[in-house]
Amino acid sequence: MLALLSILLMALDQRQGVPEPIRYTLAAMVYPIRVVVDFPFEMGNVISRELSGRRRLMAENERLQAQRLLNEARLQKLDALEEENIRLRQLLDSSYDVGKPVLIAPLMRVSLDPYSHLIQIGKGARDSIFHGQPVLDADGIVGQVDKVGPLSAMVRLITDPSHAIPVRVNRNGIRSIAVGTGNLHELKLTNLPNNTDIRAGDLLITSGLGGRFPRGYPVARVKSVTTDPGPPFARVLASPTAALDRLQEVLVVKRDQKAVRLTSTGDKVEPPPGKQPGP
Amino acid sequence: MSVCAPSAARIILLSLLAGLVLTVLPLPMWAKPLRPEWTALILIYWCMALPQRVGVTVAWTVGLLQDVLQGFLLGAHALAFSVAAFLTLKLHRQIRVFPLWQQALSTLLLLLVIRLILLWTRGLIGHPGVDWQYWLPALTGAALWPPLFLGLRAVRRRFQVR
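As given, the protein sequences belong to chains V and Z, one line each in that order.
In case it helps, the numbering used here puts the first sequence at residues 1 to 279.
In case it helps, the numbering used here puts the second sequence at residues 1 to 162.
Just chain V, with the same shape it has in the complex:
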């Protein structure tokens, strides 16, 4: 009887969505287990932060200051570029889509099914996380939300063998699909003919096709291009720009909201002199 029930459950789960309420309730029930597992690591973090020496903190502070300066310099330029972009887009009458509001979610240190690339984040339906939401880190796309519980959610990484993400070569706009390989440092580009203009070192960004990932975020950098006259397509491998094996916190992109300006996220950046007023 129970065997039949579990086969039924599996079949339903495979078809997506039907036993979602069951999973949701159970996810709430097992949440304490996750917290218990995560707790010692969290404590370790807190303790090491408390005990870290003054000198290390100062060094870190200095480094961050320097980085901030650099970033601000870059942002100044971005500000001007953004204004220009808005103007041009208005001329073209297309929508303005530069920045998106994000939610910062901590990673829970629990280990999941070892044969698929999943991570657990500490935000769930209570923080309006939903299925299919794109997840980023500071360097690029991480993955998308796969399963949602009330207080936590599971994110499928872009390197999961069952994951594919539409990408575009930043240099010339060639579109392709980056499929996970099951290796945390490798993505595979499919269906690129042998004579495609793609080189090692090319940056791949999200193309926004498919409507799931926002456009223009870095995904991976091409690692190797192997053209073999035999098979019809080139064998192109890329390595994700996001540090998928060293994640600490991730950014979950909110949707169905107005896009925000990248340069006005609370930071008081002096507008560069001679800036054109926005239209």
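Calculated from the structure, these hints are not laboratory results.
Beta carbons: idealized from backbone N, C-alpha and C, even for Gly.
A hint or two may mislead.
Sample of chain Z residues with no beta-carbon within 12 angstroms of chain V, all distances over it, derived [to be verified]:
1) Q103
2) Y134
3) P147
Residues on chain V that point at chain Z, a partial pick, calculated with CB under 8 angstroms [unchecked claim]:
4) I7
5) M10
6) R23
7) V30
8) I33
9) R34
10) V36
11) V37
12) R109
13) L112
14) D113
15) L118
16) K147
17) M154
18) Y217
We have chain V already, so just place chain Z on it with the hints.
Showing chain Z alone in chain V's frame:
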């Protein structure tokens, strides 16, 4: 016996919860493929020691929890664990009188059955194939059986779980 019944249930529940915790505990990269199926081991022990208390239903529930915990297809571990529990219940009279190393061997078989069922479900939902490391947890599980058995038996005797 009826007096200590709730505490007995609590001990069993606690041990199973500990098994779930061990299942999702982060391990270094090299140790990941070696992680035994803790919940299955503990379930097999209780099915063997107290077949009137722990049976297929408990195994099914624990399996379902593990599915949710690991983000696996809902019901796969539930099915595998209930089959293993069923086999253990059928054979518990024989397994119980085996010497420890023979018990470890029969546990190995049960764990392999679990892995096999999980492999089938993986194949059915179109996951890519697995390598030889996929079978390692069964081996480590069987190797861990003697200490686990002695430990859980000590717990059972200490708390008079019946």
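Comparing the hints with the structure gives:
1. Q103: holds, 25 angstroms
2. Y134: violated, 8 angstroms
3. P147: Fine: 22 angstroms to the nearest Cβ keeps Z:P147 off the interface.
4. I7: Hint on V:I7: holds, closest Cβ of chain Z at ~7 angstroms, below 8 angstroms.
5. M10: Hint on V:M10: holds, closest Cβ of chain Z at ~4 angstroms, below 8 angstroms.
6. R23: holds, 6 angstroms
7. V30: holds, 5 angstroms
8. I33: Interface hint status for V:I33: holds (5 angstroms vs cutoff 8 angstroms).
9. R34: Cβ of V:R34 sits 7 angstroms from chain Z, so the hint holds.
10. V36: holds, 6 angstroms
11. V37: Holds. Min distance 5 angstroms.
12. R109: holds, 5 angstroms
13. L112: Hint on V:L112: holds, closest Cβ of chain Z at ~5 angstroms, below 8 angstroms.
14. D113: holds, 5 angstroms
15. L118: holds, 5 angstroms
16. K147: holds, 6 angstroms
17. M154: Interface hint status for V:M154: holds (5 angstroms vs cutoff 8 angstroms).
18. Y217: violated, 24 angstroms
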